[in-house]
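Colleague: Fit chain A to the known structure of chain F by using the hints.
Sequence lines, in order, name chains F and A.
Position 103 of the first sequence, counting from 1, maps to 103 under the working numbering, and the rest follow consecutively.
Position 33 of the second sequence, counting from 1, maps to 33 under the working numbering, and the rest follow consecutively.
Derived from the structure by calculation, the hints contain no laboratory data.
A few of these clues could be false.
One-sided and incomplete, this derived list gives chain F residues near chain A with beta-carbon spacing under 10 Å [stated by the list, open to error]:
#, residue
1, V44
2, I47
3, N98
4, F100
5, G102
6, G104
Glycine is no exception: its CB is placed at the ideal position from the N, C-alpha and C atoms.
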Amino acid sequence: SQQGEEDPQALSIQEGENATMNCSYKTSINNLQWYRQNSGRGLVHLILIRSNEREKHSGRLRVTLDTSKKSSSLLITASRAADTASYFCATVVTGANNLFFGTGTRLTVIP
Amino acid sequence: DAEITQSPRHKITETGRQVTLACHQTWNHNNMFWYRQDLGHGLRLIHYSYGVHDTNKGEVSDGYSVSRSNTEDLPLTLESAASSQTSVYFCASKPGQGPYEQYFGPGTRLTVT
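Okay, chain F solo, but in the shape it has when bound:
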């Protein structure tokens, strides 16, 4: 399977703390994307990082990509209760167009 894997599977933090989620994948990629899924809802795109980029920011989100280690991390700073959700990484393999999703990290932010 080309599916990525997130670590940890579940994370519980206090409001205001930072949350870090990691993603590892197996093959050469074109880009890597992070999505959020609130309970019972569809996925919402957060950020896309291309294979030639090492770091990207969007508001309170910071994504890093290390293609030599085939890994990425998503950092959410100053977390809020509204950040409680599942977070998925998804890769687009080199030469392909489709997303391969990881199994997700369930983040709980305690008010």
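Modeller: Same frame as chain F, now just chain A:
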């Protein structure tokens, strides 16, 4: 506002019945996708389409079919529903084959009894 919708949102059916799940997007996106989401597996690709009359098999296509007769719709058909197809199904779309984000529908929860 442009959107992507799925119907029905919930469906209970019996083993062996044919079921069709609808997906409709108003972004005029060429690429459309169907995924299923199961605990422990994340999202897995069932079928996808790059344009009208184009369909392709994904990772878990056995027992499913799609057809694309226009840009807006990509219905997913379960030819003979099985209990193993109990899942949550998501439709998604994106503008083209470049590095674009995918836009997801709200999902259809299907139970096969």
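Colleague: Please write out, lowest number first, the hints stated earlier that are contradicted by the structure.
Modeller: Violated hints: none at all, because every hint is consistent with the structure.
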